[in-house]
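Trainee: One-letter residues, chain by chain:
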Amino acid sequence: MSQRRLRDELRDVFDSLSEPAHPALASRIRREIDERRAAPRPVPRLAVAAAVLVAGAVVASLLLAGHAFVRPPATPAGTPAPVPSPPAGAVPSPTPIAQATPTPASTRAAVLPGFSCAAQSGGAGTAGLTGVRAAAQTGYDRFVIQFAGPVAPYQVVPQASATFTTDPRGSPAPLAGTAGLKVTVSGVSNWTSLPGPTDVRPTGTQELVEARQVGAFEGVVTWGLGLARPACFRAYTLTGPNRLVIDVQA
Amino acid sequence: MADRTGGAAEAPSEFTARLEAVLDPAHRLATVILRDRAAADDAVQEAAIKAWRKYGQLREGERFSRWFLSIVANECRMARRTPWWRVIRSGDPIESAGPPVDAFAASDLRAAVLGLEPSDRAALFCFFYLDLPMDEVARVLRISPAAARARVYRAARRLRPELDPSEELR
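Here the protein sequences come in this chain order: X and A.
Note that this note's numbering numbers the first sequence so that position 147 is 147, with each residue one more than the last.
Quick note: to get this note's numbering, add 250 to the position in the second sequence (first position is 1).
For reference, chain X alone in the conformation it holds in the complex (with noise of 0.2 Å):
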């Protein structure tokens, strides 16, 4: 016997056997993935028990190991002054952007970190975002992204050109300027309802010309900063409200 023969009788066979999808199972799925969707992802009970697990055995081996041993945090005279919270921009609004305060470069030189041209990174947990803003400053651009809480694990990439690629969409998002910071941050609890502007063109900036919402896919969020020409950058976080910082060297 051939493999055809076989193939057309089993074709018939399996068309008898099985049953093609009812067109309410589509929309039955459907409504589900909305509910889904608007409905906070709850907590897995395996991580649950873990964070039980784990904050029980630190109490424990605190309350074995007595307050004898617990020593308070030496403070060394001439430590620096802790870093302070420099005013990023007013409260976050929809379009036109809000502008930072321009504070003195003096003021925060010996406490900011260096510009670099590589990709930098940093942050930790999970955390809703809260907004985003953009302004010019003595000797550099600002964007800012704050949060909620902790500020969420970032990436910060430099790019060529300006276009970046939306997510998950994969389609080209073309930005003003000739080159590119690519902003990814992951871990963003509100990913599907994030608040503020998705597109920012700051005005009186030399270096960041458009910075836009270019993803937010399953807790990841993108934003392209379109720069008028190559430039390097910094990138840290500051708290009192947690942010994320991306000063663009003018």
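Worth flagging that the hints you see were computed from the coordinates, not collected in a lab.
There may be inaccurate statements among the hints.
Claimed, not checked - Derived EDC-like pairs: lysine to aspartate or glutamate, alpha-carbon spacing no greater than 16 Å straight-line:
#, chain 1, residue 1, chain 2, residue 2
1, A, Lys300, A, Glu270
2, A, Lys300, X, Glu35
3, A, Lys300, X, Asp199
4, A, Lys300, X, Glu32
5, A, Lys304, A, Glu264
6, A, Lys300, X, Glu218
7, A, Lys304, X, Glu218
8, X, Lys182, X, Asp199
Given chain X's structure and the hints, the job is docking chain A onto it.
Mentor: Relative to chain X, chain A alone:
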């Protein structure tokens, strides 16, 4: 916020469009494995939810249809493993795990197919009905290509022992 980006707001519609294109073969695969329409509905729906959650993990260039069929097949396997499945299906002669059907004696190919193990039925369905190449069959069933080839050949020989052994399954 994401309306103009093709991001969050558009992701579900893009996903569901791709899903609906493959829903029919997926449901047919589920009914071939489970032999129960309601159970197949549930398995496909659960697979769709899982696929939606893992959509970001779909690799560049990977076929959505194969990826989703693989999730459906796995969901069917899991459904059959539940103790409740054995309870409610124990009286079904089609699904009873008895000795293999003697294909010589089975004049009815349909009955012979129903007598196969669900995993063998799934392999035959993917290869002969969906026309998937053997490596795709392997991916859907989450086994090696060699195992997929052996499974298809073994099941085909059980249905039609006179199948020409010199003819390679492609």
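Trainee: Holds or violated: are the alpha carbons of A/Lys300 and A/Glu270 at most 16 Å from each other?
Mentor: Distance ~15 Å between A/Lys300 and A/Glu270 Cα, so the pair holds.
Trainee: Check whether the Cα positions of A/Lys300 and X/Asp199 lie no farther apart than 16 Å.
Mentor: Violated. A/Lys300 to X/Asp199 sits at ~32 Å, over the 16 Å cutoff.
Trainee: Given the hinted pair A/Lys300 and X/Glu218, is their Cα-Cα distance within 16 Å?
Mentor: Judged against 16 Å, a Cα distance of about 13 Å means the pair holds.
Trainee: Sort out whether X/Glu218 lies within 16 Å of A/Lys304, counting only the CA atoms.
Mentor: Holds, at roughly 9 Å.
Trainee: Between the alpha carbons of X/Lys182 and X/Asp199, is the straight-line distance 16 Å or under?
Mentor: Judged against 16 Å, a Cα distance of about 14 Å means the pair holds.
Trainee: When you check the alpha-carbon spacing of A/Lys300 and X/Glu32, does it fall within 16 Å?
Mentor: 11 Å, holds
Trainee: Can the restraint linking A/Lys304 and A/Glu264 be considered satisfied, given a maximum Cα separation of 16 Å?
Mentor: Roughly 14 Å separates the two Cα atoms, so the pair holds.
Trainee: Keeping to a limit of 16 Å between CA atoms, is the pair of A/Lys300 and X/Glu35 held or broken?
Mentor: Roughly 14 Å separates the two Cα atoms, so the pair holds.
Hint check: a violation occurs at hint 3 only; the rest are consistent with the structure.
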